[in-house]
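> Sequence:
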Amino acid sequence: MRVVLGVSGASGAALAAACARHLAALGAEIDLVISKAGERTLVEEIGPEAADALRAACTRVHGIMNVGAAIASGSAPVAGMIVAPCSMRSLAAIAHGLDDNLLTRAASVQLKERRRLVLLARESPLTLAHLRNMTAVTEMGGIVAPPVPAFYLRPEDLAAVVEQIAARAVDLLGLGRPQARAWE
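Counted the way mature numbering (1 follows the signal peptide of the UniProt record, and there is no 0) counts, the sequence shown spans residues -16 to -1, 1 to 168.
To be clear, the hints were calculated from the coordinates, so they are not data collected in a lab.
Ideal Cβ placement from N, Cα and C applies to all residues, glycine included.
Accuracy of the hints is not assured; some may be wrong.
[What the hints assert, rightly or not] Computed spacing ranges between beta-carbons, pair by pair:
#1 Leu82 to Phe135: 20 to 26 Å
#2 Asp141 to Leu82: 34 to 40 Å
#3 Gly52 to Pro130: 18 to 24 Å
#4 Glu97 to Phe135: 33 to 39 Å
Working from the sequences, and respecting the hints, build out all of it.
Written out as structure tokens, the structure is:
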């Protein structure tokens, strides 16, 4: 199975690395696309070595402006896509069909092909524009999943919170055995 992992410039770069780990555990091929702001956020939040490790964990890495990549077409055999984290800019572009880079184009492809698209939308507080964009994406079949901690699991540290959120995002693709800890 092949999954697209998009990384935009919102805070929460550790979510991308954790999603990649969970996808790899399922045996997925990962196509990675990172926005320009996402590149900066990765380096600032998880460091250049971890950002390089994220790229190395993926099967293919595509340039953000490479709209000729296979994942820009519905004919590419892709099971779904996660954008982790998803900035409000990327959310707005996806909500309005502004396919101006490979990340937003690949997301639009998931929607038009009726495949799973999971957006870990990262912003707070939310404006009415944000909420309307979330509604638009949801109406098109996307899943907006803000990275909210599962406090009921009593996570021990931030790493546990990140792993649970990423596992839940991967579970939302419906590709295999559940990765996230469930409520008991």
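> All hints are to be evaluated individually against the structure, with a verdict given for each.
Verification of the supplied hints:
1. Leu82 to Phe135: 20 to 26 Å: 35 Å, violated
2. Asp141 to Leu82: 34 to 40 Å: 38 Å, holds
3. Gly52 to Pro130: 18 to 24 Å: 32 Å, violated
4. Glu97 to Phe135: 33 to 39 Å: 35 Å, holds
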